[in-house]
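Residue numbers (full-length UniProt numbering), protein chains in the order written: chain A, 1 to 664; chain B, 1 to 664; chain C, 1 to 664.
These aren't lab readings, by the way, just hints derived from the structure by calculation.
None of these values were measured; they are calculated from a predicted model.
Among these hints, one or two may not hold up.
In silico contact screen, one side only, chain B against chain C (beta carbon under 10 Å); selected entries [as the list claims (entries may be wrong)]: (1) Asp179; (2) Thr182; (3) Ile211; (4) Pro214; (5) Arg397; (6) Gly414; (7) Arg415; (8) Asp423; (9) Leu517.
Note that beta-carbon positions come from the ideal geometry of N, C-alpha and C, so glycine has one too.
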Amino acid sequence: MKLGMHTLTQKRGLLFGGDYNPEQWPEEVWAQDAALMREAGVNLVTVGVFSWARLEPEPGKHDFGWLDRLLDLMAGHDIAVDLATPTASPPPWLGHRWPETLPVDESGTTLWYGARNQFCPSSSVYWERSLDIVTALADRYAGHPALAMWHVGNEYGQFCHCDESAAAFRRWLRERHGDLETLNEAWGTTFWSQGYGDWEEILPPRTAPYIINPGQRLDWRRFCNDQLLAHFRAQRDVLRARTPEVPVTTNFMGFFKPVDAWAWAAEEDVVANDCYPEPGDPLTPARTALTHDLMRGLAEGRPWLLMEQATTAVNWRPHNLPKPPGQFRLESLQALARGADGLCYFQWRASRFGAERFHAAMVPHAGPETRLHAAVRAHGQELRGLSRVAGTEVPARVAMVFGWDSWWALEDRGRPSDRLNADEQLLNYYVPFFERGVAVDVVPPGADLDGYALVVVPNLFLVSDEQAAWLDAYARGGGVLVVGPFSGIVDPRSHVRTGRFPAPLREVLGVSGEEWLPVGGPVRCRWSGGEDGFAAGTWTELLAAEGAEVVAEFADGDLAGHPAITRHRHGDGLAWYVGTMPEQAALGALAERVLADAGVAGELPDLPPGVEAVRRGEVLFVLNHGTRDVRVELPGRADDLLTGAPAEGAITLAPREVAALITT
Amino acid sequence: MKLGMHTLTQKRGLLFGGDYNPEQWPEEVWAQDAALMREAGVNLVTVGVFSWARLEPEPGKHDFGWLDRLLDLMAGHDIAVDLATPTASPPPWLGHRWPETLPVDESGTTLWYGARNQFCPSSSVYWERSLDIVTALADRYAGHPALAMWHVGNEYGQFCHCDESAAAFRRWLRERHGDLETLNEAWGTTFWSQGYGDWEEILPPRTAPYIINPGQRLDWRRFCNDQLLAHFRAQRDVLRARTPEVPVTTNFMGFFKPVDAWAWAAEEDVVANDCYPEPGDPLTPARTALTHDLMRGLAEGRPWLLMEQATTAVNWRPHNLPKPPGQFRLESLQALARGADGLCYFQWRASRFGAERFHAAMVPHAGPETRLHAAVRAHGQELRGLSRVAGTEVPARVAMVFGWDSWWALEDRGRPSDRLNADEQLLNYYVPFFERGVAVDVVPPGADLDGYALVVVPNLFLVSDEQAAWLDAYARGGGVLVVGPFSGIVDPRSHVRTGRFPAPLREVLGVSGEEWLPVGGPVRCRWSGGEDGFAAGTWTELLAAEGAEVVAEFADGDLAGHPAITRHRHGDGLAWYVGTMPEQAALGALAERVLADAGVAGELPDLPPGVEAVRRGEVLFVLNHGTRDVRVELPGRADDLLTGAPAEGAITLAPREVAALITT
Amino acid sequence: MKLGMHTLTQKRGLLFGGDYNPEQWPEEVWAQDAALMREAGVNLVTVGVFSWARLEPEPGKHDFGWLDRLLDLMAGHDIAVDLATPTASPPPWLGHRWPETLPVDESGTTLWYGARNQFCPSSSVYWERSLDIVTALADRYAGHPALAMWHVGNEYGQFCHCDESAAAFRRWLRERHGDLETLNEAWGTTFWSQGYGDWEEILPPRTAPYIINPGQRLDWRRFCNDQLLAHFRAQRDVLRARTPEVPVTTNFMGFFKPVDAWAWAAEEDVVANDCYPEPGDPLTPARTALTHDLMRGLAEGRPWLLMEQATTAVNWRPHNLPKPPGQFRLESLQALARGADGLCYFQWRASRFGAERFHAAMVPHAGPETRLHAAVRAHGQELRGLSRVAGTEVPARVAMVFGWDSWWALEDRGRPSDRLNADEQLLNYYVPFFERGVAVDVVPPGADLDGYALVVVPNLFLVSDEQAAWLDAYARGGGVLVVGPFSGIVDPRSHVRTGRFPAPLREVLGVSGEEWLPVGGPVRCRWSGGEDGFAAGTWTELLAAEGAEVVAEFADGDLAGHPAITRHRHGDGLAWYVGTMPEQAALGALAERVLADAGVAGELPDLPPGVEAVRRGEVLFVLNHGTRDVRVELPGRADDLLTGAPAEGAITLAPREVAALITT
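Based on the sequences and whatever the hints tell you, model everything.
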């Protein structure tokens, strides 16, 4: 069987722990830490993420002794180690001796050491030195009983615009386009006199007098992603060669634009995520759920790992709101409910120094005899009672499509409106499903749609011919497809597809348009065949039905009477199109209609506001994100794994309380 | 007769067309384009603005074949070509081989290729290579039947702070100031220890710890303008030597700060403008009218060319509102009414790629069978019925003075308030005249004022002695002069004129002041001899009448009882002074008083809000910019050239509708 | 006796004058200026602040003739000269010939000449050239009868991140930390792999990918301050060696973050300040009073000099509100009341050119026959009647603690909230005392607290062990101590002190906490033992009383019932702790309680809003900052030194009016 989370959970059950940075503490503290970890139920720690300077204080000179002792200590306490390669933050000596390893921003400004992440992803010296320390690490700890997983780098997402990066970009472009003529055509360099006559002329997008070529920018995004991924793969290959039985991971940051998580997930054994929602944002429960569902999608439905979260406030916002008591537990259980088999935190013990000394931890500055650490301990202990959840799946009959290539192409300068964004559209469409307790998988363009009764494409600006055919086939084959505005606009070179839009989806949708019409304020719409209406905003389109039924039309201004939302019978299925941005309540009404079309219902009927319901394996999780007690109706009898108490017909949940129900 | 718009319109009538970028399309599309152009009444296209890389794919190697074929095609369809020199956007090879041609901003950051406009206006290599391609172009197309006009560069306005620019700046300064002592005196370098002891020490204003010397900044503005103008002239001279019968133009951008349009207009045959008003701004009709009046002023009252406008939304704003149906026609006719003899668009066919692929065009991505293209075609056709307008003038008895030198001097750091701006003051004073259907000419300081009954100087911060004498002579000779606040403050070196202000205008105005007093909120004012008052804001002054009648006084605070607006009999004329920024309604009341003094009335009495009335030649244009039907009273009978319908006593105009009346 | 303000005031009485820049004017104006100065009572002018280029037009070539004549003229009119060293603004030749003297910002951008202050504080060439001109100046004017004081540089506060600065930083760090191991420990370089293996690797904090090491940033702040102070000291030593009888000063800018005024004041003879409050800010009277109290603290209670203020508007804000008539006099007298023995302005005569030509002056552009200059003259004259104030002290029994080291450490990126700031906290706590007429001294951490009945520490984030002991001893010895939130958090290396906070003050305060809890909106609090409550905001803490009495508790949310404000009997004294940011009215109530504890009362009971009362020597100053007449009750009879009028029982003050009362 392929390596994965099960490699870790099979013998340990659910994972609980965090980043551990022992190099910040004298060794006498390590022993206290190990004891406290045991008490708190910690069974996994991530070690060494930022230890390069400690492991290799000068080039080629290694100091592993402290790490040997640490790993032995962890092994002795039966705590597994997720051992990091320290490549995210090179030691000062790298930038000092080899300044060409330092990244350069688009304006030519060098980014120095003094913080972290200061490396050029295309620097040959950086590659050489980083693979060297990785090799040394792998050679040394292969077979160590504490070693349970490899953690490669940290939060990949660096850029560099230096000349060495330019040369690497050119190599990548040669690979992609073959010859200059093809590149010139792909980038549309006849526009603004940008024709390249020699490969050497080509540069990364650097500070320029005006809007930079979008084809160049899109290829640059792809190149940057590929360059980092190549670096990940190079490390992984070193590690796999030495420890084929140890899974390899790296930590994502959710919907993080620089890195195409679909491409990365395919190269790693375990999908892991860092998740730091804003406590003051009312959309946090839904946004976090969506991120978790993305992780589950990246893991192809299998369990994933919540690598980093905070027990309370972070320190990198201007004003860092804490999490109220009960909140981090609620969020941990939310991740569990949505497929996480490990719940880890940054970090175990709060730092006394450095840029993150005011970031929350599992053991705060005030020590273990605190409200916060008591909650950590309690949570670690209760997770033992939920071990039967490990390895189970979250069944979903709805898929939402999201792709990085399209995101990159859409969110560049020079488009009709910067208020229509791919990730926000996804969230807007996701919220109604979340509120109704309907499980959603996030899938990439081109995914296997077998088993999904409903596929929603909130926005897919860039669509290849193959992707268009894929959506067509899905609907024709009996699926219910929903497509949001400004989809299908450009091809993979980011060239606009001419003709009425969305050109490649016109047939499946039975509707087409000729003008995108951003609006300055709200526009009234009316559901066809009724009096009821709703407001839309930001975006409208001039559409004409070509076989589709008009479900809602614009009721205001120059578009009055033109279609706003359509529904088209296509083959055995249905294809909906939404040519505007309806207010959230109307997206809710739309969700109900398409769910009805698809024959899909939520886990529990009539969920009260703020309550999340999601099934994982045999357990139905019900979470109260609100600030008041709520009563939730149940279909029958249930037992709560958390309280051990049975429930008949209904449960009442206090604020931030969770039930993990076995329904019978 | 001098070359001008008539050179083009004599045989073609009104011009209609746009930028055409055939290099973005396969040649089979060209033929479709030519046919569509004919159908739409297009008789002028601008070609080659961004074709340098295509025309000269490597230094010295030319490829003109495609352009030969295109010009032949246009000639065959009787479509005139405004052939551009491609100097606005050098090919990548220029910046790659000669990095010193790339512009450098004030912080030292290089602006690279990848967008457009990446040239240093002082680079000798850039000059050499750009004049070389211009010469080749002129040699090749001199005498071509399609060639109707030369379009030099595009939207000039570049800056560069590099060392070669510094050397050119020093040469320019030597020319201007003669010796270092004069320069030191002009810049006031005894302030802050800035005395220069050697020409080589002098630099462009680059990033500095604090506010940079305003004399240096003003001379830098002048130099940058002159340097670009020299480049324009050098191209023009190459073209004129080869095609003396072909007019030469370049495209302005209205009130665009970097370029002193008065100086440029004197060097070109045809005045042309790019005009992209914000559709969502209620001031757009007046602001656009003002810009058109500036163009007419630049053309010394003769017809001008609207070189670029958009059929609907642009793409370079963050959120690009479209124009509702009828809007671009309304705006086209507004330009016609205010002296344009040509109405062109950017661009003919919407691009599929490049930074402006979402910019509106005459043929949208959806193709010619669209609402938008139908409107383009209809507009092109109706223009044929208006050909009698071509060549006629817009009579005006009111002039407003606006100068770049003063604008540059005013709008620098370190003044009493950055809320008193030259272009906004001009607009504030213009709006009441626009609303009353009173035609206004925009003229430069020092213009011939013969024939003007009223001259308004909304702000003229920098006034030379000659300009002061010119205003004095105008009023003394019987004119009505209106001067706005903070005028006459500095001399051409931007030195404050000491003594009570406005020192050089004190005698003509019969009033003087001793303190500028920006205010934080509104201040009440009272019309003298009455109860009525108005609010002023932002700016007040401590004034004392010295012979002038006090027309309004401050009613609030420490200035209560002091003059706010004065009126002074000076020789045979009258001189008004406004020492504050009255609310817009009060500027309306003021306009009525000064119009009465001058004996000037609007085209139509009691125009409804949102309606514009302007006479051009024998045609009275009435335009409804509002969103409701309006009834407009007429003095008698009239025939509408657009509808062919007669009107008696009144007309009713739908929203965005226009009448072109021959009154009888 | 040590040199000080008395050196100047002994024979001249109160000082009145301003910056005088004669190099901007022809010499015939100098004579007029001297006469006008005499009329206005000017007896001190600051000369030569920006004269380097004039004094040394090329390296090593001096031109002192003009300054000889100017000093002779001043001596002849009995006007003392505060002669500046011109080192704040080097001539263009310095940057041109030695570009390494130009400062470089954190991104590597050079800051050029063209403004002022363009020097690298660590440049050896700059040091050499600046000490050279200072030496020449001192040699020449030692013994000149006009010379009354030396003014070193101007508004010190420059930074530079260049390589020469880096080398100097490393030397400073070696001095401070001794060896690399200590430095690595101090900076906590085990965090994020920042361990330094070689001194040469260490750099100033330059632009980096993320948050820079706070230890490095704090040491950088200290280094920058020390480097500038060393430059000041080097100049001072040159001057003292030649003119031991002439006091040396430099001008502070109040609570100006770059410069630790406590360290500087100890090195100069006279404490001087530049003070430019925002006229539109209602907090200006209190904020200005606080700044004056800081100056008095810097001068250890002795008189200080208001070196620069404006007669009306400045020019460097975007919108520069003027001061209404009477305002600058009010502000001058406020400074006098709070210990200033000299009241000077920037500048004597308004410039015609240069970046500050729109900055107010004592003689405006409109000349001496103006409202403004008349007020200047009147104020100069009335100061003669107040000469008995010179040399007297302001008695205060309350001290507020403020330190730069702690300010620097607190206000860096990455803390719980950027809304809790040291200078704002100080002002918040100061306002209630100001409003009640209670005199406050501002003192540094570690100051002698003898004689203070109440010591307030609004925020002291960084506390050394010695400082903690000092506060403990103060309370134990019978004082009343008040400590604000987030104090005592880090040690001098900016390491968090672990354990319950504020760790080093836990015993004295009898309370401790475990979580900092920034809040998004207001939180209700309740005074213990009553119904009344108040709102707090921004910041709360989870506290537990450990012997302290709970004076107020949180009434809202998760903290309900936990302490907000506590009071602890400690030895013979009392120690208050405030674990939140109460609204201003609650800080007033708190002030009354702690004043009662300390047995301190304001100068006058029940001061009306907007009225300031402060005693200096035998004079009680009462100032009306409001815009209405106020009646102020007096304890008995008094004579007003300003009006000469007696008062019995009460006085009435018009807006901006002041009384200087001798109470009897």
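Results of checking the hints against the structure:
no.: 1; hint: Asp179; result: violated, 15 Å
no.: 2; hint: Thr182; result: violated, 13 Å
no.: 3; hint: Ile211; result: holds, 4 Å
no.: 4; hint: Pro214; result: holds, 6 Å
no.: 5; hint: Arg397; result: violated, 36 Å
no.: 6; hint: Gly414; result: holds, 5 Å
no.: 7; hint: Arg415; result: holds, 5 Å
no.: 8; hint: Asp423; result: violated, 17 Å
no.: 9; hint: Leu517; result: holds, 5 Å
In terms of the numbered hints stated before, the structure departs from hints 1, 2, 5 and 8, listed from lowest to highest.
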